[in-house]
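J.: Protein chains in written order, with numbering that gives the first Met the number 0: chain A, 0 to 413; chain B, 0 to 224.
Hints in this document: simulated from the structure, not taken from any laboratory.
Certain hints may be false.
[As the list claims (entries may be wrong)] Cut-off 30 Å, straight-line C-alpha distance, at most; resulting in silico cross-link-like pairs (DSBU-like, lysine-lysine):
no.	chain 1	residue 1	chain 2	residue 2
1	A	404	B	144
2	B	70	A	403
3	B	2	A	403
4	A	328	A	402
5	B	115	A	403
6	A	303	A	399
7	B	179	A	404
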Amino acid sequence: MNFVNAMKYATIKIFRNHKNFYFMLVIGIFSLILLMIFTYQKYMTDIHEKYLNTQLFYREISVMPSDITSDVDALFYEPIRSIPHVLDIYDSRYGIFYTESPTFKEKIYDGVITLKYGSNATFPKIVEGNIFESNATGVAICSKNFYPSSYNTKDIIGSNDIFLDGEELIGKTFKTESKIYKRVDGDIIENGKYLKEFKIIGVFDNTVSMDTPNTCYVSGGDIEDIYKHTMLEVNSDVYFPYTVLVDDKNNLGEVGNAINTMGYQADVTSIIDTEYISKLRIISIVIIIIAIISLLVTIFVYLKKNALDNSQEIGLLKAIGYKKWDIIKINMAKMIEMILIPYLLSIFIFEIIFFLIELLFKNYFLYYGYSLNHLIDAYFYTLEIIFILPIIINFIFIVKLTKKKTIVLIKEVI
Amino acid sequence: MNKILIYIKGLTKKYQRNKEDIVALDNINIKFEIGKFYAVMGHSGSGKSTLINIIGLIETATSGEYYLNGKNISDFNENEKANIRAKYFGFIFQDYNLDPNLKAYENVMLPMLIDKKVKNKDAKEKAIKLLVSLDLTHRINHYPKELSGGEQQRVAIARALANNPEIILADEPTGNLDKKNEQKIFSDLKKLSESGKCVIVVSHSLEIKEYADVIFTLEDGTIRW
Ligand SMILES: Nc1ncnc2c1ncn2[C@@H]1O[C@H](COP(=O)(O)OP(=O)(O)OP(=O)(O)O)[C@@H](O)[C@H]1O
Ligand SMILES: [Mg+2]
Numbered sequence: 000m001n002f003v004n005a006m007k008y009a010t011i012k013i014f015r016n017h018k019n020f021y022f023m024l025v026i027g028i029f030s031l032i033l034l035m036i037f038t039y040q041k042y043m044t045d046i047h048e049k050y051l052n053t054q055l056f057y058r059e060i061s062v063m064p065s066d067i068t069s070d071v072d073a074l075f076y077e078p079i080r081s082i083p084h085v086l087d088i089y090d091s092r093y094g095i096f097y098t099e100s101p102t103f104k105e106k107i108y109d110g111v112i113t114l115k116y117g118s119n120a121t122f123p124k125i126v127e128g129n130i131f132e133s134n135a136t137g138v139a140i141c142s143k144n145f146y147p148s149s150y151n152t153k154d155i156i157g158s159n160d161i162f163l164d165g166e167e168l169i170g171k172t173f174k175t176e177s178k179i180y181k182r183v184d185g186d187i188i189e190n191g192k193y194l195k196e197f198k199i200i201g202v203f204d205n206t207v208s209m210d211t212p213n214t215c216y217v218s219g220g221d222i223e224d225i226y227k228h229t230m231l232e233v234n235s236d237v238y239f240p241y242t243v244l245v246d247d248k249n250n251l252g253e254v255g256n257a258i259n260t261m262g263y264q265a266d267v268t269s270i271i272d273t274e275y276i277s278k279l280r281i282i283s284i285v286i287i288i289i290a291i292i293s294l295l296v297t298i299f300v301y302l303k304k305n306a307l308d309n310s311q312e313i314g315l316l317k318a319i320g321y322k323k324w325d326i327i328k329i330n331m332a333k334m335i336e337m338i339l340i341p342y343l344l345s346i347f348i349f350e351i352i353f354f355l356i357e358l359l360f361k362n363y364f365l366y367y368g369y370s371l372n373h374l375i376d377a378y379f380y381t382l383e384i385i386f387i388l389p390i391i392i393n394f395i396f397i398v399k400l401t402k403k404k405t406i407v408l409i410k411e412v413i
Numbered sequence: 000m001n002k003i004l005i006y007i008k009g010l011t012k013k014y015q016r017n018k019e020d021i022v023a024l025d026n027i028n029i030k031f032e033i034g035k036f037y038a039v040m041g042h043s044g045s046g047k048s049t050l051i052n053i054i055g056l057i058e059t060a061t062s063g064e065y066y067l068n069g070k071n072i073s074d075f076n077e078n079e080k081a082n083i084r085a086k087y088f089g090f091i092f093q094d095y096n097l098d099p100n101l102k103a104y105e106n107v108m109l110p111m112l113i114d115k116k117v118k119n120k121d122a123k124e125k126a127i128k129l130l131v132s133l134d135l136t137h138r139i140n141h142y143p144k145e146l147s148g149g150e151q152q153r154v155a156i157a158r159a160l161a162n163n164p165e166i167i168l169a170d171e172p173t174g175n176l177d178k179k180n181e182q183k184i185f186s187d188l189k190k191l192s193e194s195g196k197c198v199i200v201v202s203h204s205l206e207i208k209e210y211a212d213v214i215f216t217l218e219d220g221t222i223r224w
């Protein structure tokens, strides 16, 4: 039998026997489950990894300047900055600041904006437009997908376009107004607002840096300015920690030790939490093992239920003159088709689900700085599992059958 | 005398059962010529099926020589035997052995498709012609379960003829049929022998004596003429 005829024969045999439908249904369901597991696991691992690599606080050391009261620059900043692997050091109060922008407070936006300390050491890797020097004032680098608002489920879960195009914002200015706090007779009260204006000179892709899309990087001086005008004054004997930014999380220990020997107390800000990822891996492996076992059961049940049909078919083919390898090839073509058809269908269904998730959670993913990409790996892993096992088992089974005597096969009854 | 197609010399077949030898065929010598209708008769267990299966190369002999067209094929391997089966033999079984999931014409096409050069379209055309010649014009597109026993057996005959073999082997082809259908099958087989084929039929039915050119009877593994 030539290839075309073998495929035709296999197709006819598959679709005229309802036992094959159950088999294909089961294969399809497993395939879909595996596609989802592999994709989900890969996603979570990738996101976790990306998070570790993009978030600055995994490379930060918090340092208490204990007894420094004057000339912080010479006594503190300069010596620490000269430690190998240290990229930057700044007052932790000026690392991040939440404020509101009346400029953007319109339509769906409540105007809440996150100002982050910007310097060559903290800027996202890729910035379109310009960046600024550390002593600049009144300039900002904002998210390309700009959402000047706090998290709002109603808008973020859905397919509406909720982002301002950051590229169009380059060159524009916006105002921030921050509440001024004051202590009156022991109570803390609001006392007007402190206004400031920023010009957007550059934009960054928040799906690369994993910043929320209401983030703008401004200079440390600007944050300090807002801070000093709005926050309560503190006594001069109260110290705030400084943030030391290290080039790589593997160097945290070394830098920490160096700071300790200088006589300051150094703490690593963030502990990397991998519990979820390892749990996820274990759960995935368990599900995959269950799927493989179920797959084995399925294929054995299928082969058992079809043993008689198979024997008679093979016996007949042998009797009328088919060679052993021809028979094996024809039968394997059947099994390959019976796996590929549900596999392709499951990919189709998976793609639809993927598309719907993409549509519905588009904003959500952008908000958290994820990007939803197709993971071709998952397709291969799934195919390997649902393909290799049944094919090998079927092959062994068929080879065994073809070795039996023709007359025995033909006369075989239940 | 017609040309001798098959010559079997000193054929013996022993089966093992419970460590005991059962002699199914005992030193058989026999010739088959083209254009003749052979009837193999005998009691149950006399070795008829064993003989016809060995002739058709779907069973192996314990000893003896087998000449096909003058060539000794006793020691052919499985693939060579498969080639011979496809080219020289057409099988007809008592239980028809049609593929239940293939339509009548698809069942007939099956032997034709062994040859990799054969196109599906040509095979289909030829299968339909064969079915028409066996009065099955109205059954071409039917599945076996939609056919009567006689019709199924005629589809099986069409399938046996698919590769235009020189030898037709039938093991009790009318065992499940009534008299009218039996006569139809026998007369079809008779016509085939008249057209030059060597037809060998195992049967219990005395009816076959009306059709056969040569009748021999097996008794405990040996031939009585
Ligand atoms: N596979 C086998 N194993 C053991 N003994 C066998 C086997 N096949 C046949 N026999 C024995 O060989 C002898 C001949 O059997 P065979 O089937 O050829 O008889 P038969 O003439 O075709 O009988 P029936 O008319 O019942 O079909 C019998 O005694 C049978 O029991
Ligand atoms: Mg018999």
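J.: Would the hint linking residue 70 (chain B) and residue 403 (chain A) be met if the CA-CA limit is 30 Å?
T.: Since the Cα atoms of residue 70 (chain B) and residue 403 (chain A) sit roughly 27 Å apart, the hinted pair holds (cutoff 30 Å).
J.: Need the status of pair residue 115 (chain B), residue 403 (chain A): alpha-carbon distance at most 30 Å?
T.: holds (25 Å)
J.: Under the criterion that the straight-line Cα-Cα distance not exceed 30 Å, is the pair residue 303 (chain A), residue 399 (chain A) satisfied?
T.: holds (13 Å)
J.: Hint check: residue 2 (chain B) vs residue 403 (chain A), CA-CA at most 30 Å. Holds or violated?
T.: At roughly 35 Å apart (the allowed maximum being 30 Å), residue 403 (chain A) and residue 2 (chain B) break the hint.
J.: Straight-line Cα separation of residue 328 (chain A) and residue 402 (chain A) no greater than 30 Å?
T.: holds (14 Å)
J.: Check the hint pairing residue 179 (chain B) with residue 404 (chain A) against an upper bound of 30 Å on the C-alpha distance.
T.: Distance of about 34 Å is beyond 30 Å: violated.
J.: Does the alpha-carbon distance linking residue 404 (chain A) and residue 144 (chain B) stay inside the 30 Å limit?
T.: Status holds; Cα separation ~27 Å.
Checked against the numbered hints given earlier, this structure breaks hints 3 and 7; the rest are met.
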